[in-house]
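Asker: Sequence:
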Amino acid sequence: MYCLLHSTEFLYYVFETTVNFHVIVLTFFLLTIIITYFSFMSSIPQITMHHGEFFVTYNKKFSSFALFEGKASTECRPYQCSLKYHGSKHDNEILTQMRMWLVYNPPGLKDLELQLRSIKSDSTFDLVCKVLDVHEASNGVRILYVWDGTDTPVTEFPMILDSKSVSPPPLHLEGAPLPREVLCTLPCVGSVLRVFANRLFKEIPHLQKGIYWARFCNITCKQEFSMWKGILLPSSRVRLLSNEDGSVVDRLKLFNSRINTQIHRQPMACLCSASDIADVEYERAGYTTLMESLTHGEVTHKFKTLVRVVAAHPHRASDLCSLLAGNRCVRLTLEDPTARVHAFIHKDDGAKFFGGFLTAEALTRKMNRLLGIPEDTEEGAPLTRNPPWIWCCLKSYRLNKNDPWGTRRYRIFGTEIRD
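Just so we're aligned, residue 1 is where the sequence shown starts under the UniProt record's numbering, counting upward by one.
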């Protein structure tokens, strides 16, 4: 009986030991699978999203990477890769397939990709522009100065109902003018749009170099003081582009063809509808943009330009009569696609500008034509005005020889408004 009991206990012990051994083996096997799985997963590049941006991370111990040009090419050599990367024929086949797919599926929404000449208010779209400069305002907002060689659409101005309560429009959205050394780096043909960003984008440090083109995805614009203002939304994205990008190449071709023809350098909005309500003395003089004058190497010079008179101060009939009498001057605010400036009609030029010593009614009629105010101002008249484009001659002068650039002013001369 003892032996039997002993034998039974021994068998039970052997059985229990065998079961425990199998449990240990099974547990070890499962742990091996789990460790292998996580090691494998750690070796695969992981794509994650952070603040709406996609990031790819990889484990340098197990993984490798290679970066290739996305444009169609027979070149399969990466422009950057890790030390452990070794290309294969299979990689080249996948790369060729991806490039062919990209040809027929270009990045970005092409139907929503606009140029500056076709931007709209209160809608979202993509812009491809060169970032010329980045300025940080006193309130921490960053202002990006962008350009693509085209002109922003002309804007309308509110109707002048009470001249006493109307303040002159500002010359700059950013308040203070840019330093001259920055101003002189801006193009003289084509509009420079101010884009305001309330948050920091990781691309902004690169854009401060002034050499990059970028795609602004999901951007919006509005008119402020009848000037275009770009706004980066919380959902907006900024993508750096190379000079070989198709959209960049198209814009550079368009700009180069524009500046090669004198007439195409003129404002795009008036190529087919230039006004003839003004005569100028220098008919044969070439066309000069306001930005060309602002960046001119000399403080004082004369030029002929094509502008809109967007404001006049003062513009009441009694003040205009005082101008003709030589008792005061009138300040006009002129703009073209490149800039906005103040220009004065001095008392000596008043009679010439308005075509003689006219009655108060005739003076008011001519001034209204310049400002785009329709003759019928009765009830039902439009609430906005659209000033016409006019040719005029300007000359710059200085008020203080010790501060020539800071005290430079413009004066209208050799210009006469037709009846």
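Keep in mind that the hints are not guaranteed to be accurate.
Taking lysine-lysine and the BS3-like style, the derived pairs with C-alpha atoms no more than 30 Å apart in a straight line are [unchecked claim]:
id : residue 1 : residue 2
1  : Lys84     : Lys229
2  : Lys61     : Lys89
3  : Lys352    : Lys366
4  : Lys120    : Lys61
5  : Lys229    : Lys202
Pairwise CB distance ranges (calculated) [to be verified]:
id : residue 1 : residue 2 : range
6  : Lys202    : Glu298    : 37 to 43 Å
7  : Lys202    : Lys89     : 33 to 39 Å
8  : Arg239    : Leu399    : 43 to 49 Å
9  : Val299    : Thr57     : 22 to 28 Å
Note that these hints are calculated values from the structure, not bench results. Bear in mind the structure is a predicted one, so any value in this text is a computation, not a measurement. Ideal Cβ positions, reconstructed from N, Cα and C, are used throughout, including at glycine.
Asker: Hint by hint, say whether it matches the structure.
Answerer: Comparing the hints with the structure gives:
Taking the CA atoms of Lys84 and Lys229, the gap is about 48 Å. The hint is violated against a cut of 30 Å. At roughly 24 Å between alpha-carbon atoms, Lys61 and Lys89 fall within 30 Å of each other, so this suggested pair holds. A C-alpha spacing of about 13 Å is found between Lys352 and Lys366, which places the hinted pair at or below 30 Å, so the restraint holds. A distance of roughly 51 Å separates the Cα atoms of Lys120 and Lys61; the hinted pair therefore is violated under the 30 Å criterion.
Restraint check for Lys229 and Lys202: the C-alpha separation of about 22 Å stays at or below 30 Å, so the hint holds. A beta carbon spacing of about 42 Å between Lys202 and Glu298 agrees with the range 37 to 43 Å that was offered as a hint. In this structure the supplied range 33 to 39 Å holds for Lys202 paired with Lys89, their Cβ-Cβ distance being about 36 Å. The given range of 43 to 49 Å is respected by Arg239 and Leu399, whose C-beta atoms sit roughly 46 Å from each other.
The supplied range of 22 to 28 Å is broken by Val299 and Thr57, whose beta-carbon atoms lie about 57 Å from each other.
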